[in-house]
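Colleague: Each chain is listed here by its residues.
6 protein chains.
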Amino acid sequence: MPVVHVHIWKGFSEERIKEIIEGITNVFVKTGIPSHAVEVIIHEIPKAHWGIEGKPATESRKDSKPPI
Amino acid sequence: MPVVHVHIWKGFSEERIKEIIEGITNVFVKTGIPSHAVEVIIHEIPKAHWGIEGKPATESRKDSKPPI
Amino acid sequence: MPVVHVHIWKGFSEERIKEIIEGITNVFVKTGIPSHAVEVIIHEIPKAHWGIEGKPATESRKDSKPPI
Amino acid sequence: MPVVHVHIWKGFSEERIKEIIEGITNVFVKTGIPSHAVEVIIHEIPKAHWGIEGKPATESRKDSKPPI
Amino acid sequence: MPVVHVHIWKGFSEERIKEIIEGITNVFVKTGIPSHAVEVIIHEIPKAHWGIEGKPATESRKDSKPPI
Amino acid sequence: MPVVHVHIWKGFSEERIKEIIEGITNVFVKTGIPSHAVEVIIHEIPKAHWGIEGKPATESRKDSKPPI
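Residue numbers (the working numbering), protein chains in the order written: chain D, 1 to 68; chain C, 1 to 68; chain W, 1 to 68; chain E, 1 to 68; chain X, 1 to 68; chain R, 1 to 68.
Derived by calculation from the structure, the hints in this document are not laboratory data. Wrong hints could be hidden among the right ones.
Unchecked claim - Listed next, with one range per pair, are the computed distances between beta-carbon atoms:
hint	chain 1	residue 1	chain 2	residue 2	range
1	W	I68	C	D63	18 to 26 Å
2	E	K30	W	E59	15 to 23 Å
3	R	K62	D	G32	23 to 31 Å
4	R	D63	E	P46	28 to 36 Å
5	E	T58	R	V29	21 to 29 Å
6	W	P46	R	K62	33 to 41 Å
7	E	G11	C	V29	30 to 38 Å
No experiment lies behind these values; they were computed from the predicted model shown. Built from N, CA and C at the ideal position, the CB exists for glycine as well.
Let the hints inform the model, and build the full structure from the sequences given.
Modeller: Here's what the structure looks like:
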């Protein structure tokens, strides 16, 4: 405990993913939970499979890109 | 709000996926929620990793196919 | 197949929840999937436990309400 | 994008939950994502419904408590 | 690893829930994974919020009951 | 009902995945639920995207391997 599921667009660099894992873990460590108890599971979703505003993000968020 | 996670077998065509995103978004728009607030996340699962009746669907649902 | 998880704020009326279940099921029925194969699971989340813009929605979306 | 689902034991104080929402959001803001795009959904699970080591945490983690 | 999320109707007895946690953990222990690495998270969903066949299970599965 | 989501590292053999599907289904069959009502959905996560102890498991669990 805790278990954290993160859903992001495909394309974040491995460096950004490491920062996300480390950053989220630290949020819980600050509350007194040991880091070995924190699991952070990253789910990569292609932009074409992420709907927002009724359309795939490839159309409705054409200019947004995952951070590299 | 809302966030909708859809789990389907791998193999739906992009056209079907667009219809799913649009259709689910409209269900919420009809209740008065703006479409920009609706996120629909599609998780594709290979049939071999979807168990039903105690077996992978590749065995227990051999003749079912995702809509193309 | 499919399995759909819907995450909404606590407070939707039972009538709205029925419409969501029926509407999402129909999206798949239109693609040729039989309605008995569609499972729609509704997760109600208190607004205080739904973060948006770095704060609970009770603060950052004070004036938004679930549809009744 | 992103959507983050956090699963924790029931019993975190509202103050801790606010810190979790704010802290996780900031992890993404640091990568350049605007805070209004980050949704953090907190799922509270009773310890009796969280299994670890083959038993409910009420038995296998009798002395662990959520941070208040 | 692994993390298992179980979604069931509200109403399973605590005895059944213990059996589910123990049984699922054992499935992984048999593959050589230590039991302390297996987390089983039980999500109880009211029958009225579980849609099947386009209706809440309170209507479409009126006679089914969770095991007590 | 039930719907079970299993999150594991990428790399389990198809034989192990079949055992997991069969084993988890049997846990519910023993409580009186018919096997055709049990859906087990396997999510494979690359070790680099599974954080534990604040790092990807490729670093913090370098020597652990999925069962083949």
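Colleague: Hint by hint, work out which the structure violates, then give me just those numbers in ascending order.
Modeller: Of the numbered hints given earlier, the structure breaks just one, which is hint 1.
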